[in-house]
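Number of protein chains: 2
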Amino acid sequence: MNTASREQLVGQLNWRYATKAFDPQKKIEPADWAALEEALRLSPSSIGLQLWKFIVVDDPAVREKLRAAGYAQPQITDAAKLVVFAVKTDITEADIDAHLEEIAKVRGVSLESLAPLRGMAMASVIQAMDAEARVAWAKRQVYIALGTFLTSAALLGIDACPMEGFSPPDFDSILGLPEKGLASVVIATAGQRAADDKYAGLAKVRFPLDRVLVRI
Amino acid sequence: MNTASREQLVGQLNWRYATKAFDPQKKIEPADWAALEEALRLSPSSIGLQLWKFIVVDDPAVREKLRAAGYAQPQITDAAKLVVFAVKTDITEADIDAHLEEIAKVRGVSLESLAPLRGMAMASVIQAMDAEARVAWAKRQVYIALGTFLTSAALLGIDACPMEGFSPPDFDSILGLPEKGLASVVIATAGQRAADDKYAGLAKVRFPLDRVLVRI
Chain F
974 MNTASREQLV
984 GQLNWRYATK
994 AFDPQKKIEP
1004 ADWAALEEAL
1014 RLSPSSIGLQ
1024 LWKFIVVDDP
1034 AVREKLRAAG
1044 YAQPQITDAA
1054 KLVVFAVKTD
1064 ITEADIDAHL
1074 EEIAKVRGVS
1084 LESLAPLRGM
1094 AMASVIQAMD
1104 AEARVAWAKR
1114 QVYIALGTFL
1124 TSAALLGIDA
1134 CPMEGFSPPD
1144 FDSILGLPEK
1154 GLASVVIATA
1164 GQRAADDKYA
1174 GLAKVRFPLD
1184 RVLVRI
Chain X
974 MNTASREQLV
984 GQLNWRYATK
994 AFDPQKKIEP
1004 ADWAALEEAL
1014 RLSPSSIGLQ
1024 LWKFIVVDDP
1034 AVREKLRAAG
1044 YAQPQITDAA
1054 KLVVFAVKTD
1064 ITEADIDAHL
1074 EEIAKVRGVS
1084 LESLAPLRGM
1094 AMASVIQAMD
1104 AEARVAWAKR
1114 QVYIALGTFL
1124 TSAALLGIDA
1134 CPMEGFSPPD
1144 FDSILGLPEK
1154 GLASVVIATA
1164 GQRAADDKYA
1174 GLAKVRFPLD
1184 RVLVRI
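The listed protein sequences correspond, in order, to chains F and X. Its first residue numbered 974, the first sequence is counted upward by one per residue in my numbering. Its first residue numbered 974, the second sequence is counted upward by one per residue in my numbering.
These are computed hints drawn from the structure, not numbers from a lab. Some hints could be false.
Remember, identical chains collapse to one label, so a pair may be satisfied in a single copy or spanning two.
Claimed, not checked - As a list, the in silico DSSO-like pairs of lysine-lysine whose alpha-carbon atoms are at most 30 Å apart:
1) Lys1000 - Lys1078
2) Lys1038 - Lys1078
3) Lys993 - Lys1078
4) Lys1171 - Lys1054
5) Lys1171 - Lys1153
6) Lys1177 - Lys1054
7) Lys1061 - Lys999
Just so you know, these numbers come straight off a predicted model, no measurement behind them.
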């Protein structure tokens, strides 16, 4: 283990904030960005199904279009990086089998030995939910990846801003997501705060612990 | 800044796994647990509304009841800590005002100066969504806190297991949530893996990056 300290964790979570103005000149070091992509990849999800796609948009022309579909928020073009968190919209038995095949490959076990896991996944994902409920559930999973990403960026000292203020149908259309069986859920921008972002200096606002946490 | 290194971040995210067997004798150091509670408190949420409650269940008798409502999964009683992530079920204008009042207090600004933020929050949360959509949206936010919690625990070297396999209505009833305007969404257990947890030694299964990440 190569753990972080409590002071690092809490200090960096206090340091982070939803960055409103990024310095458009500042890039993220490639090795840092690779670590954040790896954090996305390693993000937990229910049953490990990973029913998501992370779309990293670097193309400036596409960014411009997305900005127009995102209430003209400057982060969308100014941040060094933009990630569109997308969900699979047609979740079927094949998604469960894709995961099982990956398990079999990585762990060198037979698919037959995974039959109990398959039965559980089929029951809880395919049989217990209709198509709409499945997508709603998979969308919630996407927010685990968002939380992983934001916490990871904070730990590395990289500014980020999660954003729901955009038109998902417009984003989907610009990125060609429907034909890929995907839909945008939430986005995050990352980079370095502008020296004059007035939000950077504001005190963080969170309820006191006793208002959000109950002990039983 | 007191950042973690890329190696720490990626190393600890690889170290973590959904712990199936906890050592019931191993507790979490109080200072470490306090840091994890602080990570929950500091978790980002849309517009900063924090429409959640984290229920930390220490009472062994309550844990026993919850285990029965959680497919008898041993983590629910054996883990040092159990957190039930709950969402507010009646989200109204008052929730927006509670947040604005906290901003005014913490930042020493007038409520009047926050009128534009209030207008945005009212439009996007109250006017744009009906009660059902609001709860569905708030539930997604809860998963940001879950991602924050799991990543934070991994960074500190604390084992954890996110769990959706439980009966939310039964959990709600055992914890008395409906009368508090809350509903359970997802749970997490935390502590130290048992020496004989056979899952601890298994290779982590994630799709290769090019299967979950697209560059545009």
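Each hint tested on the structure:
In this homomeric assembly, lysine 1000 and lysine 1078 never come within 30 Å of each other (Cα to Cα): the closest approach is 37 Å inside a single copy and 36 Å across copies. Proximity of lysine 1038 to lysine 1078 under the C-alpha cut-off of 30 Å is found in neither arrangement, the shortest distances being 40 Å within a copy and 39 Å between copies. Taking the shortest alpha-carbon separations for lysine 993 and lysine 1078, only the inter-copy value of 22 Å comes in at or below 30 Å, while the best intra-copy value is 43 Å. Taking the shortest Cα distances, lysine 1171 and lysine 1054 sit within 30 Å of each other inside one copy (21 Å), while across copies they are farther apart (39 Å).
Taking CA atoms no more than 30 Å apart as the test, lysine 1171 paired with lysine 1153 passes in neither setting, with 39 Å inside one copy and 38 Å between copies. Taking the closest pair of Cα atoms, lysine 1177 and lysine 1054 come within 30 Å of each other both inside a single copy (24 Å) and across two copies (27 Å). Taking CA atoms no more than 30 Å apart as the test, lysine 1061 paired with lysine 999 passes in neither setting, with 33 Å inside one copy and 39 Å between copies.
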